[in-house]
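Given the structure of chain C, go ahead and fit chain W onto it with the hints provided.
Protein sequence lines correspond, in order, to chains C and W.
Note that my numbering has the first sequence beginning at -2, numbered continuously upward.
Note that my numbering has the second sequence beginning at 12, numbered continuously upward.
Check each hint, because a few of them may be wrong.
Claimed, not checked - Each pair of labels, with its calculated beta carbon distance range:
#1 W:Lys96 / C:Glu59: 24 to 30 Å
#2 C:Glu377 / W:Arg67: 33 to 39 Å
#3 W:Val52 / C:Glu377: 28 to 34 Å
#4 C:Glu214 / W:His97: 27 to 33 Å
#5 C:Asp90 / W:Gly63: 43 to 49 Å
#6 C:Ile140 / W:Gly63: 24 to 30 Å
Said to hold, decoys possible - For lysine to any residue, the following SDA-like pairs were computed, each having C-alpha atoms within a straight-line distance of at most 20 Å:
#7 C:Lys0 / C:Asn27
#8 W:Lys25 / C:Tyr312
#9 W:Lys45 / C:Thr283
What the hints assert, rightly or not - Computed from the model, here is a short list of chain W residues facing chain C with C-beta under 10 Å:
#10 Arg21
#11 Ala75
#12 Asp95
Hints are computed from structural coordinates only; laboratory data are not their basis.
For each residue, glycine too, the CB sits at the ideal point set by N, CA and C.
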Amino acid sequence: MKKIRIGTGAGYAGDRLEPALELMEKGNLNYISFECLAERTIAIAQKAKLVNPNKGYNGLLEHRMDKVLPLAHKHKVKVITNMGAANPQSAVDVVCKMAEEKGIKGLKVAAVYGDDVLSKLDRYKDAAVWETGRPLAELDGIISANVYMGIDGIVEALKNGADIVITGRVSDPALFLAPLVYEFGWDLNNYDLLGKGTLIGHLLECGGQATGGYYAEPGKKDVDKLWELGFPIAEVSENGEFIITKVEGSGGVVNKDTLTEQMIYEIHDPSAYLTPDCIADFSNVTFTQMGKDVVEVKGASGREKTDTLKVSLGYKDCYIGEGEISYAGPGCLERAKLAAEIVEKRLALTNVKFDELKVDFIGINAIYKNSDRNYNTPEEVRLRVAARTKTKHDAEQIGNEVETLYTNGPAGGGGATKSVSEIVSVASILINRKDVEAKVIYKEVL
Amino acid sequence: MKLWEIAHSRTGDKGNISNVSLIAYDIKDYELIKEKVTPEVVKEWFKDIVKGEVKRYELPQLGALNFVMYDALGGGVTRSLALDKHGKSLSSYLLDIDI
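One chain only, chain C, in its complex shape (with noise of 0.2 Å):
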């Protein structure tokens, strides 16, 4: 029986490189897809694109295709990302370039687009937005809105003999899933197998995390080398039945807790995960160990999709100050919170505007938060402040309260920092996905 080999070659914009590399050498791989995507990331690209009309694709695109090409081209792997963010064309051009500097021939390169819905965003002022319940009208300052597209571009692309597909916004699933369609001629009525191959997907879109990344605990979940964590291979059969694997000899592990981890990250209800292509049906799954790092995984399915696709909207929306300062030793804890007290009576002093303040203890309550714990005595301590303000000036202020703590704040404060950032924030709403078409051009280096 046919088989089709993938793995992960990025589960997040900013990943190792090296695991990428090691699978197109020596993963026996037909593809590998590298997901680089995340929720307001392609907001910030269409930024980066209004600025120079030939940027808005990944900064890390070249760094990337520098070891890439070259592999992918002489391990005949395919390779399939949305590293194109909010310019795929731009993405292409660079790609081809880059092959043509390296002597690569024959080579076709594809720009997956149509994700970018900002102009149809009119015949949607009345849909509800997610994060407020309120109408879209009312929603200023959107900057992008990006739909998340399905398969259809990528199993296009494929189709017409491209070696390279770099897309826009798509479900992260279609990354792994389109070439599965393609290769099997899966019919796209078949929600059975697309839930499963919806299921390799979501378990190999994170990378590392499939196979022991973000899973260790010592004593508890001893991984093998997490400095050369391998990334995951789905080996997947034409009925939909696959195992996940990795190179051999690389860090990490591959087994029913790693997997179990990963396919309940980031779902809600495991029978109904929505993507654009089908409602997939997590409920069943179970994991079988078959030998070291190979474990088989059986009982996905699948129903009929929903005729909405999920457009997310960036928005231009407020400015987040910052400042933390530390304490340590006897009396530290109350130092601390004198000097919270402090900043926050400056801030009202100095008519500074805020939103929302949130003043933290790290060490004691910056993540654990619950007023009928009490505390043990640390031996440091570090505060941190941070605020949501509709201006910049009054951001800056946030983080220079807290530095002048240095001079007129309580004893032995150091190692003082402080941060403004421009927060560019991502809504979601739904729109009719007859409105959505994907869109696909290619670009060849004979």
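Then chain W, alone, in the frame of chain C:
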């Protein structure tokens, strides 16, 4: 006994919603965990963090539960003022529950 002794966990985030898995190392402990760690217990445990409801989904064949916690991330990763904007470390906090 802390949950940490018998179970492990990972947190995911979507917007302002956090989901935390709870997975028995030994599937024989699943029923005990299911009985003790109800949505109400989790809601109470995270009461100073999670402002919305807590829903629980069950995956008995994997010895796993999935807690979905609404209005849990200070507005979501893009605008939260939290140090851990994704709420990634909530998983470890869940394992601190005494059963």
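**Request:** Double-check aspartate 95 of chain W for me: the hint is only fine if its C-beta lies closer than 10 Å to a C-beta in chain C.
**Result:** Holds - the Cβ of aspartate 95 of chain W comes within 10 Å of chain C, reaching about 5 Å at its closest.
**Request:** With 24 to 30 Å as the target window, see if isoleucine 140 of chain C and glycine 63 of chain W comply at their CB atoms.
**Result:** holds (28 Å)
**Item:** lysine 0 of chain C paired with asparagine 27 of chain C [C-alpha distance capped at 20 Å]
**Value:** holds (9 Å)
**Item:** chain C contact restraint on arginine 21 of chain W - CB to CB distance below 10 Å
**Value:** This interface hint holds because 4 Å falls under the 10 Å limit.
**Outcome of range test on Cβ distance (glutamate 214 of chain C, histidine 97 of chain W; 27 to 33 Å)** = violated (19 Å)
**Request:** Look at the Cβ atoms of valine 52 of chain W and glutamate 377 of chain C and judge whether their distance stays inside 28 to 34 Å.
**Result:** holds (33 Å)
**Request:** With respect to the beta-carbon atoms only, verify the hint that glutamate 377 of chain C and arginine 67 of chain W lie 33 to 39 Å apart.
**Result:** Holds - the Cβ-Cβ distance for glutamate 377 of chain C and arginine 67 of chain W, about 38 Å, lies within 33 to 39 Å.
**Asked** Cβ-Cβ distance between lysine 96 of chain W and glutamate 59 of chain C: within 24 to 30 Å?
**Response** holds (29 Å)
**Message:** Between the alpha carbons of lysine 45 of chain W and threonine 283 of chain C, is the straight-line distance 20 Å or under?
**Reply:** Roughly 19 Å between the alpha carbons, so the hint for lysine 45 of chain W and threonine 283 of chain C holds.
**Message:** Can you confirm whether the C-alpha distance between lysine 25 of chain W and tyrosine 312 of chain C stays at or below 20 Å?
**Reply:** OK: lysine 25 of chain W and tyrosine 312 of chain C at ~17 Å, within 20 Å.
**Message:** Taking the Cβ atom of aspartate 90 of chain C and the Cβ atom of glycine 63 of chain W, is their distance within the range 43 to 49 Å?
**Reply:** With Cβ atoms ~46 Å apart, the hint holds.
**Asked** Does the CB of alanine 75 of chain W sit less than 10 Å away from some CB of chain C?
**Response** holds (6 Å)
Checked against the numbered hints above, the structure violates only hint 4.
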